[in-house]
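> Residues per chain are reported as follows:
2 protein chains.
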Amino acid sequence: MNFFSSDFKLGILGGGQLGKMLLSETRKFDIQTYVLDPSDEAPCTIACNKFYQGDLTDFKTVYEFGKKVDVLTFEIEMVNVEALEQLEAEGVKVFPSPKTLKQIQNKGFQKDFYSRHNIPTAPYKRFISIPELIATIEAGGVTYPFVWKSAEFGYDGNGVKVVRTISDLEGLPEAECIAEEMIPFKNELAVIVARSVSGQIFTYPVVEMEFHPEANQVEYVICPARISDEVAQKARAIALEVSKKFDHVGLLAVEMFQTKDDEILVNEVAPRPHNSGHYSIEASYTSQFENHIRAILDLPLGNTDSKVAGIMVNLVGAEGFSGAVKYENIEKILDIPGVTPHIYGKKQTRPFRKMGHVTIVNENMDEARKIAETVKNTIKVISL
Amino acid sequence: MNFFSSDFKLGILGGGQLGKMLLSETRKFDIQTYVLDPSDEAPCTIACNKFYQGDLTDFKTVYEFGKKVDVLTFEIEMVNVEALEQLEAEGVKVFPSPKTLKQIQNKGFQKDFYSRHNIPTAPYKRFISIPELIATIEAGGVTYPFVWKSAEFGYDGNGVKVVRTISDLEGLPEAECIAEEMIPFKNELAVIVARSVSGQIFTYPVVEMEFHPEANQVEYVICPARISDEVAQKARAIALEVSKKFDHVGLLAVEMFQTKDDEILVNEVAPRPHNSGHYSIEASYTSQFENHIRAILDLPLGNTDSKVAGIMVNLVGAEGFSGAVKYENIEKILDIPGVTPHIYGKKQTRPFRKMGHVTIVNENMDEARKIAETVKNTIKVISL
Chain B
0 MNFFSSDFKL GILGGGQLGK MLLSETRKFD IQTYVLDPSD EAPCTIACNK
50 FYQGDLTDFK TVYEFGKKVD VLTFEIEMVN VEALEQLEAE GVKVFPSPKT
100 LKQIQNKGFQ KDFYSRHNIP TAPYKRFISI PELIATIEAG GVTYPFVWKS
150 AEFGYDGNGV KVVRTISDLE GLPEAECIAE EMIPFKNELA VIVARSVSGQ
200 IFTYPVVEME FHPEANQVEY VICPARISDE VAQKARAIAL EVSKKFDHVG
250 LLAVEMFQTK DDEILVNEVA PRPHNSGHYS IEASYTSQFE NHIRAILDLP
300 LGNTDSKVAG IMVNLVGAEG FSGAVKYENI EKILDIPGVT PHIYGKKQTR
350 PFRKMGHVTI VNENMDEARK IAETVKNTIK VISL
Chain Z
0 MNFFSSDFKL GILGGGQLGK MLLSETRKFD IQTYVLDPSD EAPCTIACNK
50 FYQGDLTDFK TVYEFGKKVD VLTFEIEMVN VEALEQLEAE GVKVFPSPKT
100 LKQIQNKGFQ KDFYSRHNIP TAPYKRFISI PELIATIEAG GVTYPFVWKS
150 AEFGYDGNGV KVVRTISDLE GLPEAECIAE EMIPFKNELA VIVARSVSGQ
200 IFTYPVVEME FHPEANQVEY VICPARISDE VAQKARAIAL EVSKKFDHVG
250 LLAVEMFQTK DDEILVNEVA PRPHNSGHYS IEASYTSQFE NHIRAILDLP
300 LGNTDSKVAG IMVNLVGAEG FSGAVKYENI EKILDIPGVT PHIYGKKQTR
350 PFRKMGHVTI VNENMDEARK IAETVKNTIK VISL
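Chains B and Z supply the protein sequences, listed in that same order.
When we follow numbering that gives the first Met the number 0, the leftmost residue of the first sequence carries the number 0, and every step to the right adds one.
When we follow numbering that gives the first Met the number 0, the leftmost residue of the second sequence carries the number 0, and every step to the right adds one.
Hints are computed from structural coordinates only; laboratory data are not their basis.
Since the model is a prediction, treat every value here as computed from it, not as a measurement.
Careful, some of the hints might be misleading.
Stated by the list, open to error - Here are the computed lysine to aspartate or glutamate pairs in the EDC-like style, where the Cα-Cα straight-line distance is at most 16 Å:
1. 331(B) / 40(Z)
2. 379(B) / 327(B)
3. 325(Z) / 40(B)
4. 379(B) / 330(B)
5. 49(B) / 297(Z)
6. 325(B) / 6(Z)
7. 49(Z) / 327(B)
8. 346(Z) / 6(B)
Claimed, not checked - Away from chain Z, derived, C-beta distances all over 10 Å, residues of chain B:
9. 102
10. 233
11. 301
12. 319
Every residue gets a Cβ at the ideal spot worked out from N, C-alpha and C, and that includes glycine.
Based on the provided sequences and hints, a complete structural model is requested.
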């Protein structure tokens, strides 16, 4: 198939920052793109060939959009899977496949999948509701502390809570959930896997994540992770296995815990470009976004090695500010060598909203880490 | 001034591949852009915020476009300078300035500028017409061989010809021209200079250019040039001097000859992002396009050092093919590590038309050079 400067059309469900960064690659290759998003202010309204406004969870909207394109992908998991199944049945190529997406969308299914395939993961129990969970706690089947996770629609720390007493369960949504054993861990790691339609499969180096203690959002993503080669190899091997077992096509971000005993446990996966791979735009030979495009179009995958050390700092809205956004001190960070801000294009800020990210690259990791801290302490996302 | 996710508007005259690569940076920073180009199929029709179709050489069209924006730049020199002067007089910031552009647009003025400022350049004479040139040859004032250059509107080898006998002058345009002494040289080099509104000034490493013997278009751009540090330092110092003397703001690509005696002579300059800097997207800490944006908005300039060796191969239309474009064997080059094609988005190919470029990056220059040759011998721009 001829994708370049041709009539071929790639559809993307979701028009947020991940879609925007994908468009940067489709533009480079001059691949035609159609994007569907509910907001007419979505970051993807420009740079795609056609933008459609509509509900990603509505069968008819997704189905009709999908019928216009040759290959369909998504940058957000919360899409109508039944429409994807129907489109696939009618010959539209959908990657990642709706079958894979279904396994991943529900964290209960996801955990069962790991158990079934002997992929190491924290022990867990599934519950259809909070009362069922409470009953099990009372019967001694779940012990404090544990991690409550909503089975569906959790992201960026939403839908996850550490539960230490019964009162911690108050106010949680009355939905399907899991209770996971709390594992003491040294590091949160992630490995992005790219797997093409024909099964070519590459892993990116292991990254290490540091979370903001309050917002539960990633604060630094550090590539390569400062871990032993042995642990890194184990993490990459497990991520590879997870991608293969899911028969996944495209990018799969595999988030993992490194336990105190250097065991690797899979936490969860995201079947798309991921925050933990943003560093790759500046640091890697091939960015995660380019490799997603290559994978779903069954083109050869690009080199996932890094040219230099990379650290990513999320730019989230500062507490106490809501309204038209201003990036305070952005000039100051632009003055530091190897610092690249990415502004997603959301016009309104609010506390902890992901507004952009900054990549710091350097030949030397220690230097990069120092600069990352300076960046974090300098730039502030406020309102005008 | 607040440029990011704000009402600020950057105008770009010209909507070709250089504009397209600039838009990649404005998108990253979420800076609003308006683009003017005569073709409604220009590569920039998407990814800018507003596209206007119109004649870049028409006073009224350029003036009215310029009135809509806060800062105006261009990606092509052939624009109406009088309109730029009028806009500047009325408070629109125009970078590079119309004054600088005027000095550069006419190669006769450009050469006189070098002489006036003691910038080394090949000896030359200016002529208002071909008959005047012929009369001077007959009078012994110009001797064969020499290089004829059209004073205006030459690019990519058009408007330049080596003249060895009187018959070589046949068919040349009846326009102002210069006759330049033919200098035996070892290398054609280029240095890109970025200079901001406040005068911060950085040079990129020296690149080495290899030309296609027939088409007179650059075939490989190699960064860093394989020359001695001494020559490289001299070339960068001269380029710096040229930019300062022009009081240039934005990017200035300074093309130079390295003579057999390791002298550096300035050939010509381009006041914009340049083909010789495309390698910077993948190889440099800050691409030439990002630094152009930083310079004209008076933001701090980014690091111009390279992360890895970079080589750029132009993708030009193959001889014997005209029509809807096809990039033959593009999959094969995508399979080589460190190879990134850029497809400009022109739908029609014709012999020697610039359709895209390929960047090869590698830790090792010799390896990069080998891969570049493989790339050049593999991919072919043909028609369907």
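> Each hint: holds or not?
So, going through the hints one by one against the coordinates:
In summary, the hint linking residue 331(B) to residue 40(Z) is not supported, as the alpha carbons are separated by about 39 Å, beyond the 16 Å threshold. Proximity of residue 379(B) to residue 327(B) is assessed by CA-CA distance (about 5 Å); at most 16 Å being required, the pair is judged to hold. The straight-line distance between the Cα atoms of residue 325(Z) and residue 40(B) is roughly 35 Å, outside the 16 Å bound, and the hint therefore fails. Restraint check for residue 379(B) and residue 330(B): the C-alpha separation of about 11 Å stays at or below 16 Å, so the hint holds.
Only pairs whose Cα atoms come within 16 Å are accepted, and residue 49(B) paired with residue 297(Z) is rejected, the gap being roughly 34 Å. Between residue 325(B) and residue 6(Z), the direct Cα distance comes to roughly 12 Å. Compliance with the 16 Å bound is thereby established for this hinted pair. Restraint check: the Cα-Cα separation between residue 49(Z) and residue 327(B) comes to about 27 Å, which exceeds 16 Å; the hinted pair is violated. Taken as a hint, the residue 346(Z) and residue 6(B) pair is honoured in the structure, with Cα atoms around 10 Å apart against an allowance of 16 Å.
Look at residue 102(B): its CB is around 30 Å from the nearest CB on chain Z, clear of 10 Å, so calling it non-interface holds up. At roughly 25 Å from the closest C-beta of chain Z, the C-beta of residue 233(B) stays outside 10 Å, upholding its exclusion from the interface. The claim that residue 301(B) lies off the interface is violated: its Cβ sits roughly 7 Å from the closest Cβ of chain Z, which falls inside the 10 Å cut-off. Annotated as non-interface, residue 319(B) keeps its C-beta farther than 10 Å from every C-beta of chain Z; the closest such distance is 19 Å.
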